Amino acid sequence: MTISSLGYRGEGIARVDGVPVFVKGALPGERVRAHVVLVKKDFAAAKLLEVFSPSPERTAPACPLFGKCGGCDLMHLSYAAQLRFKREAVRDALRKIAHLEPDIADCVPSDDVLGCRNKLSLPVRKGKEGRAEVGLFAYNSHRVVPASDCPLQTRRVRDLMPALHRFAERFSPYDEEKGSGELRHFVVRDYGGVLGVTFVMTMFAPVRVLAAAKECGLAVDELWINVNRGRNNVILGRETRLVAGERHVCDIAVGGRTLPVETHPNAFYQVNGNIAAKLYEAVRSVAEEVKPRLIVDAYSGGGLMTALLSDCAERVVGIEIEPSAVAGADMLMARAGIKNVRNILGDCSAELPRLVRECGKESLIVLDPPRSGCSEEVTSAVDASGASHVVYVSCDPSTLARDLSRMPSYSVRSVRPFDMFPQTCHVETMVVLRRNQDKNTLK
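According to our numbering, the sequence shown is numbered sequentially starting from -8.
Possibly wrong hints are sitting among the right ones.
[As the list claims (entries may be wrong)] In silico BS3-like links for lysine-lysine, alpha-carbon gap of 30 Å or less:
#, residue 1, residue 2
1, Lys110, Lys32
2, Lys205, Lys119
3, Lys352, Lys330
4, Lys31, Lys110
5, Lys119, Lys38
6, Lys87, Lys119
7, Lys15, Lys31
8, Lys32, Lys117
9, Lys59, Lys117
10, Lys117, Lys169
11, Lys38, Lys117
12, Lys282, Lys330
13, Lys282, Lys352
Rather than coming from a laboratory, the hints here were simulated on the basis of the structure. Predicted model only: the values in this text are computed from it and were never measured.
Throw the hints in and build the complete structure from the sequences for me.
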């Protein structure tokens, strides 16, 4: 069969008798041999067996687990082609879901396409003979592919992985079917000079954890235990405690400023610091152009964006549901000497409808929701607000398009993708909206 295009998850798509066949690992223009493994009413899926005519955009993957691990979708595709794919993915979602045809800027590239991620989540599961398997989930499943390295991570994170495997041998691995076992996940973060590990466990056992960490030579700056007893797929539970080291304050340089950010496992930070800085600077440039009196930063996380925007308006309000993130944001403002920011602890669905009553024409709303997008309560509140402009930062083109369609009082002024996640099909997008009756244009 001949591959004609790429699907939104990076699968090659061929058409056989008019039916789309998804072939993971195949690229447009390639003639391939594939074995059909799934047939549905409207599509089929096939396993790639052989490539007869490779695409000129095909490249050798930088990881031996590519095709087994579900982390990377596009490592076999040249980086220039990855950027084009992501731009078209955004265009396609806006056209099909929101019925919008705006100009899409070229995808802003990451300076590094390997070694660019500062966070790694490693599931620990019960494998053969009851032994712990540490690695990454296989594509479209919860089967762990054992991994002792990941070239997407920073060097400090990669060097830590063998010690994490040794640590896992000292605890019973989590059994997802039975909900039993002690150790569920490792979450590693490299804050740029500060390395932290969170052990996600079903119980709080600091004495055993510290002893095992010492035996395994786990040399990090912060050791945390997060307790998650839930029968769910959520990585972190609500209880997180520091058991070794101390909370650090990292200086994050962005937008010509250096901001003191306190570390915490539950707080949200972008996984690619280089491209995050470019994204934040782009959002800030909009605020500088609009010159609002009030900025509302919804889904504000640890307050980095809120702080960066603080000198662009008389008053800035952040809304965040995670208590530790709000506490960190408050400390950030205090350390940075920022006086005009108020951080609200609460759900945006409840807080934003109340807050938009304060939004006059000279207001800017920044939305940076999780992958699931905004609730209807949020989009309805924004649409009914008096804010002249909205900046929507999204990590999922489909939910972005859905949410834009729910805000008809605004028109799209610009769309710019950012490659926050090289080697994967995921893309970060910044959309600038202007209220329809406002005829002023952005430069």
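### Message
Check the structure against each numbered hint from earlier and tell me which ones fail, lowest number first.
### Response
1, 4, 6 and 8
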